[in-house]
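Asker: Sequence:
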Amino acid sequence: MHLQDLLRQKQVRSRILSNPMLIDAMLISMHLSSWRDYLEFHETQLLQLAMKPACTSLTQSLVTFDTLKGVRAIEKNIIPLESLLGAFEKVMNDLEEANRIFSNASEAKDSTFVIVQQALNQFRKDATSYRGQVLYLSKRAQSTAQSVLDVLNLGFQNLAQSQNRNTFVMAKSAREDSVAIRAITLVTSFYLPFSFVATMFGMNLVDFDSASRNLVLSNQLWLYFAVSIPLTALTLACWKWRM
1 MHLQDLLRQK QVRSRILSNP MLIDAMLISM HLSSWRDYLE FHETQLLQLA MKPACTSLTQ
61 SLVTFDTLKG VRAIEKNIIP LESLLGAFEK VMNDLEEANR IFSNASEAKD STFVIVQQAL
121 NQFRKDATSY RGQVLYLSKR AQSTAQSVLD VLNLGFQNLA QSQNRNTFVM AKSAREDSVA
181 IRAITLVTSF YLPFSFVATM FGMNLVDFDS ASRNLVLSNQ LWLYFAVSIP LTALTLACWK
241 WRM
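Heads up: the sequence shown begins at 1 in this note's numbering, then just goes up one per residue.
Think of the hints as simulated: they come from the structure by calculation, not from any bench. From the three backbone atoms N, C-alpha and C, an ideal C-beta is built for every residue, glycine too. Careful, some of the hints might be misleading.
Simulated restraints on C-beta separations [claimed, not checked]:
id: 1; residue 1: Asn166; residue 2: Tyr224; range: 49 to 59 Å
id: 2; residue 1: Ser228; residue 2: Phe156; range: 30 to 40 Å
id: 3; residue 1: Gln118; residue 2: Pro80; range: 48 to 58 Å
id: 4; residue 1: Ser143; residue 2: Phe168; range: 34 to 44 Å
id: 5; residue 1: Phe168; residue 2: Cys238; range: 48 to 58 Å
id: 6; residue 1: Pro80; residue 2: Ala105; range: 34 to 44 Å
Here are the computed lysine-lysine pairs in the DSS-like style, where the Cα-Cα straight-line distance is at most 25 Å [as the list claims (entries may be wrong)]:
id: 7; residue 1: Lys76; residue 2: Lys52
id: 8; residue 1: Lys125; residue 2: Lys69
id: 9; residue 1: Lys125; residue 2: Lys90
id: 10; residue 1: Lys69; residue 2: Lys90
id: 11; residue 1: Lys76; residue 2: Lys172
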């Protein structure tokens, strides 16, 4: 029943007037159980996040930076609760002392003082229990965060190893290509002089004199070099421009 509904009852109001500590017990009883729901909510979230490192694999990782952010968020919400519940326990001790003072000062023997004393004592025990649960969740959050970090680091190491393997394969392929290029260059260097000589003797610009048996060069031989040299320079310029 809501507190406002209780305060509308005349009998309840008369009891509160006879024992002012009763209103404190009523207010605390209405809100103290919210801590249990709050802690259970965060514990459920933490357990769900803690299952990811246990069920993940290197090929299909379930752990991401969002997982770590979720664990840190839970840890951030839990850390202040220990000091809050510790302060709440001190408040309960002060309220119990105040209730004893009112009970001793009261001339009439009212059973509500005993009820309030028992309720405050139970509230203090509940707060102590919640405080222990906070300590457990805090340590569990720290261990879960460390597990998530370990899985992320392991994934990074596996990625680095994969990149190293790819780099090795690329270096090996480049070495093989370099060997092939050197072989082609060697073969070309070997055949180029022979090809040049064969080309020179195959043109009409060079001939043999059958009478003197001497090599006769044409007066237009310069045309061969006049065309070949500019074409070679143009080819080299185009290659350099593409590089």
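Asker: Failing hints, ascending?
Answerer: Numbers 2, 3, 5, 8, 10, 11 - these are the hints that the structure violates, sorted from lowest upward.
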